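Put together the whole structure using the sequences plus the hints.
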Amino acid sequence: MSEFLLTQVINFGAPLVGLILLLGALGLPIGASVVLIAAGAFSQQGILSWPGTALIGLVGALIGDTLSFGMGYYAKDSVQRRFGKSAAWRGARASFQERAGLAVFLTRWLITALAIPTNLIAGGSGYKYSQFIAYDVAGEILWIGLYGGLGYLFGSQWELVYDFMSNFGGLILGLVLFGFGLKQAWNWQKKTRSQLI
Amino acid sequence: MLHKKRPGQRAVMAGLIIIGILFTAFFGMRAVHAFRKFNGHRPPPPGKVETDVELIRDWMTISFISKTYYVPEKIIFDALDILPLSNHDKSLKVLNKEYYPEKSGYVLSLVKKTILTNQPPLKPDPPLTPTASPPVAP
Numbered sequence: 001m002s003e004f005l006l007t008q009v010i011n012f013g014a015p016l017v018g019l020i021l022l023l024g025a026l027g028l029p030i031g032a033s034v035v036l037i038a039a040g041a042f043s044q045q046g047i048l049s050w051p052g053t054a055l056i057g058l059v060g061a062l063i064g065d066t067l068s069f070g071m072g073y074y075a076k077d078s079v080q081r082r083f084g085k086s087a088a089w090r091g092a093r094a095s096f097q098e099r100a101g102l103a104v105f106l107t108r109w110l111i112t113a114l115a116i117p118t119n120l121i122a123g124g125s126g127y128k129y130s131q132f133i134a135y136d137v138a139g140e141i142l143w144i145g146l147y148g149g150l151g152y153l154f155g156s157q158w159e160l161v162y163d164f165m166s167n168f169g170g171l172i173l174g175l176v177l178f179g180f181g182l183k184q185a186w187n188w189q190k191k192t193r194s195q196l197i
Numbered sequence: 198m199l200h201k202k203r204p205g206q207r208a209v210m211a212g213l214i215i216i217g218i219l220f221t222a223f224f225g226m227r228a229v230h231a232f233r234k235f236n237g238h239r240p241p242p243p244g245k246v247e248t249d250v251e252l253i254r255d256w257m258t259i260s261f262i263s264k265t266y267y268v269p270e271k272i273i274f275d276a277l278d279i280l281p282l283s284n285h286d287k288s289l290k291v292l293n294k295e296y297y298p299e300k301s302g303y304v305l306s307l308v309k310k311t312i313l314t315n316q317p318p319l320k321p322d323p324p325l326t327p328t329a330s331p332p333v334a335p
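Chains A and B supply the protein sequences, listed in that same order. By the count of the working numbering, the first sequence reaches residue 197 at its end, each step adding exactly one. By the count of the working numbering, the second sequence reaches residue 335 at its end, each step adding exactly one.
The hints are simulated quantities; they were obtained by calculation from the structure and are not laboratory data. As the structure is a computational prediction, the values presented were derived from the model and not from experiment. It is possible that some hints are incorrect.
Among chain A residues calculated to face chain B with C-beta under 8 Å, some are [as the list claims (entries may be wrong)]:
1. I10
2. Y73
3. D77
4. S78
5. L153
6. S156
7. L160
8. N167
9. F168
10. L171
11. L173
12. F178
13. L182
14. Q184
15. A185
In the SDA-like style, the derived pairs of lysine to any residue whose C-alpha atoms are separated by at most 20 Å in a straight line are [as the list claims (entries may be wrong)]:
16. B/K234 to A/D163
17. A/K190 to B/A211
18. B/K264 to A/L142
19. A/K190 to B/R207
20. B/K271 to A/N11
21. B/K234 to A/N11
22. B/K245 to A/S49
23. B/K264 to A/Q157
24. B/K290 to B/V250
25. A/K183 to B/V209
26. B/K234 to A/L153
27. A/K183 to B/I215
28. A/K183 to B/K290
29. A/K183 to B/Q316
30. B/K245 to A/L160
31. B/K287 to A/S2
Across the chosen pairs, the derived CB separations fall in these ranges [what the hints assert, rightly or not]:
32. B/S283 to A/A94: 55 to 63 Å
33. A/R193 to B/I218: 19 to 27 Å
34. B/I216 to A/R193: 24 to 32 Å
35. B/E295 to A/A138: 42 to 50 Å
36. A/L102 to B/P243: 35 to 43 Å
37. B/R233 to A/G91: 39 to 47 Å
38. A/A87 to B/I216: 19 to 27 Å
Where is the CB? At the ideal position from N, CA and C, for every residue including glycine.
Encoded structure:
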């Protein structure tokens, strides 16, 4: 899939990069990161124009994020009907609202595997769109600048960059899952102990 | 009353920790391995003409390879014995399937060979020591 898309990016240029980033932001597993790093490299090789590609890519990613936020927003009522009375859901929603900005920002460029769930939860939990888009823009600019910039810097050696970045992303995701599980276990232990005393 | 976690919640908690450890170990090792490879390479200087044909992949098109390696498209198409018409936007993989279906990897290896024999000569590096400037008239 990625190889086919890379050939098409060479042929169709920046508009296709924008479309791929849009579809990636909607949750389609089409390898948006690999295309972004390759687009940076193609720009260095004179195949694409970097400012134009970065701008179109940013617009595509923002539209995709807005649409997935919207999906969460319009599913809000049915989620509320189903889980609204659950204390766990209310607690999780309140906890998300506290750290939503940071979650949106970090999932754009560092923990990209969690970007879609974050968009859906943000939309579904009633998080303000104006705040969502502000953190979204900041995170996406950093993602495009970092991934595309590394591709640009390394040119035809961009596959090395992708190899490292994709594994590094998996490592960060593992650490986040482990940390989150550990925090939950710690809180549970603490509550149990305090109630015993 | 004691704070109790339902078995389902406990399973989620344990699952998160176990998956987290597995992901960290698996991707951590791969990231270290990738970093070692990555660290051995420095970004090429701007404007450097690519010469390493091992970086050519079968998803690339002839026009892309031509621009990257500064070898005219016509030379590559002639070497492949393929007409450029309507083949500009096809990958080497597709060209191989269409024109040489019985020879796997033939187009890729022939393109590499053609690039190696037809690349323009490299410009000599500029001298490291500054050239002597003419004496300034008093």
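Task: Beta-carbon spacing of B/R233 to A/G91 - inside the hinted bounds 39 to 47 Å or not - done: holds, 44 Å
Task: A/K183 paired with B/Q316 [C-alpha distance capped at 20 Å] - done: violated, 59 Å
TODO: Verify the proposed pairing of B/K264 with A/L142, using a straight-line Cα cut of 20 Å.
DONE: violated, 29 Å
Task: C-beta pair A/A87, B/I216: status relative to the range 19 to 27 Å that was hinted - done: holds, 26 Å
- [ ] Look at the Cβ atoms of A/R193 and B/I218 and judge whether their distance stays inside 19 to 27 Å.
- [x] holds, 24 Å
TODO: Quickly compare the C-alpha distance for B/K234 and A/D163 to 20 Å and report which way the hint goes.
DONE: Holds. B/K234 to A/D163 sits at ~9 Å (cutoff 20 Å).
Open item on the list: Hint validation: A/S156 versus chain B, beta carbon distance must be below 8 Å. Holds or violated?
Closed with: holds, 5 Å
TODO: Would you check the hint for A/K190 and B/R207, treating anything up to 20 Å between C-alpha atoms as holding?
DONE: holds, 15 Å
Task: Status of the A/D77 interface restraint (C-beta, 8 Å, chain B) - done: violated, 25 Å
- [ ] May I ask you to test the interface hint for A/Y73 with respect to chain B, counting a Cβ-Cβ separation under 8 Å as satisfied?
- [x] violated, 26 Å
Task: Minimum beta-carbon distance criterion (8 Å), A/L182 to chain B - done: Hint holds; A/L182 Cβ to chain B Cβ min 6 Å, cut 8 Å.
Task: Minimum beta-carbon distance criterion (8 Å), A/F168 to chain B - done: OK, holds: A/F168 within 8 Å of chain B, min 5 Å.
The structure does not agree with the numbered hints 2, 3, 4, 18, 21, 28 and 29 stated previously, though it agrees with the rest.
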